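Asks: Sequence:
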Amino acid sequence: MKKVHVLFPLIAMILFGGYWWNYNKQYEAEQEAKKERDRQALVAKREKEAQDRELAIKLAIEKQAEQRREREIREAKRQKEREDRQTAREARERADRERQKLRRQAELLDQDIVKETEAVAKLEERKQYLLAEEGFLQEYVRKAESNEGGITEVIQRIAAAEAARAAAAAEAAQASSRRNS
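Residue numbers (my numbering): 1 to 181.
Hints in this document: simulated from the structure, not taken from any laboratory. Bear in mind that the values here come from a model prediction, so they are computed numbers and not experimental data. For glycine and all other residues, C-beta sits at the position ideal for the given N, C-alpha and C. Please note that a few of the clues may not be correct.
[Said to hold, decoys possible] Below, in silico cross-link-like pairs of lysine-lysine (BS3-like), each with a Cα-Cα straight-line distance of 30 angstroms or less:
no.	residue 1	residue 2
1	Lys34	Lys45
2	Lys80	Lys63
3	Lys34	Lys48
[Unchecked claim] Across the chosen pairs, the derived CB separations fall in these ranges:
no.	residue 1	residue 2	range
4	Leu131	Asp110	26 to 32 angstroms
5	Asp38	Lys80	58 to 64 angstroms
6	Tyr129	Glu107	28 to 34 angstroms
7	Leu102	Lys80	49 to 55 angstroms
8	Leu123	Gln100	48 to 54 angstroms
9	Arg37	Ile11	53 to 59 angstroms
10	Glu107	Glu148	31 to 37 angstroms
11	Ser146	Ala169	31 to 37 angstroms
Let's have the full structure, built from the sequences with the hints guiding it.
Replies: The structure is reproduced here in structure tokens:
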């Protein structure tokens with residue numbers, strides 16, 4: 001039984017070794033062929049890359065020249081647009097300054113109109129007041145002149161009433177001094 005355990009694995013190992021060696025020979029030949037194919041493909045690839053690179057350089061130089069021309073055209077166009085915008089901006093700013101100047105002048109004139117209108121209204125009001133006062137004073141003078149006689153009569157009555165009150169006070173003082181005596 002012990003021989004079986006050693007013998008079968010040994011036979012299997014010898015068979016496997018033969019198979020492996022045969023496989024390894026073919027594998028190495030395939031690997032060499034593959035390396036040669038890869039090397040030839042790499043050489044062909046590098047040659048194609050060199051040709052493509054030369055073509056790309058030529059195309060890049062042409063493209064660069066074309067882009068340079070386009071850039072110069074764009075730059076000239078942009079410069080003209082900038083100049084046009086600057087001219088338009090300056091015209092707009094001049095127009096804005098002129099508009100602001102005219103607006104300030106209009107505001108000043110409006111303020112002057114308001115001030116003068118207020119002054120005229122105040123003068124008109126003052127005139128109406130003075131005319132009313134003049135009318136009142138003329139009426140007052142007319143009434144005062146017509147009442148002058150009445151005022152003199154009233155003053156005389158007041159003087160008489162004052163004399164009567166003074167006499168009554170003197171009489172009352174005498175009567176009270178009589179009673180006290």
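Asks: For the pair supplied as a hint, Lys34 and Lys48, is the alpha-carbon distance within the 30 angstroms limit?
Replies: Since the Cα atoms of Lys34 and Lys48 sit roughly 20 angstroms apart, the hinted pair holds (cutoff 30 angstroms).
Asks: Please work out if Lys80 and Lys63 have their alpha carbons no farther apart than 30 angstroms.
Replies: holds (25 angstroms)
Asks: Starting from the hint 31 to 37 angstroms, judge whether the C-beta atoms of Glu107 and Glu148 obey it.
Replies: Violated, at about 60 angstroms.
Asks: Are Asp38 and Lys80 spaced within 58 to 64 angstroms by their CB atoms?
Replies: At roughly 59 angstroms between Cβ atoms, Lys80 and Asp38 fall inside 58 to 64 angstroms, so the hint holds.
Asks: Verify the CB-CB distance for Ser146 and Ala169 against the hinted window 31 to 37 angstroms.
Replies: holds (36 angstroms)
Asks: Is it true that Leu123 and Gln100 lie within 48 to 54 angstroms of each other by Cβ?
Replies: 34 angstroms Cβ-Cβ, so the 48 to 54 angstroms window is violated.
Asks: Kindly confirm whether 26 to 32 angstroms is satisfied by the beta carbon distance between Leu131 and Asp110.
Replies: holds (31 angstroms)
Asks: Lys34 and Lys45: Cα distance at most 30 angstroms?
Replies: holds (16 angstroms)
Asks: Verify the CB-CB distance for Arg37 and Ile11 against the hinted window 53 to 59 angstroms.
Replies: For Arg37 and Ile11 the Cβ distance comes to about 39 angstroms; the hint is violated.
Asks: A range of 28 to 34 angstroms was offered for this pair. Does it hold for the Cβ distance of Tyr129 and Glu107?
Replies: holds (32 angstroms)
Asks: Quick check on a hinted range of 49 to 55 angstroms for Leu102 and Lys80, using CB atoms only.
Replies: violated (33 angstroms)
Against the hints set out earlier in the document, violations occur for numbers 7, 8, 9, 10.
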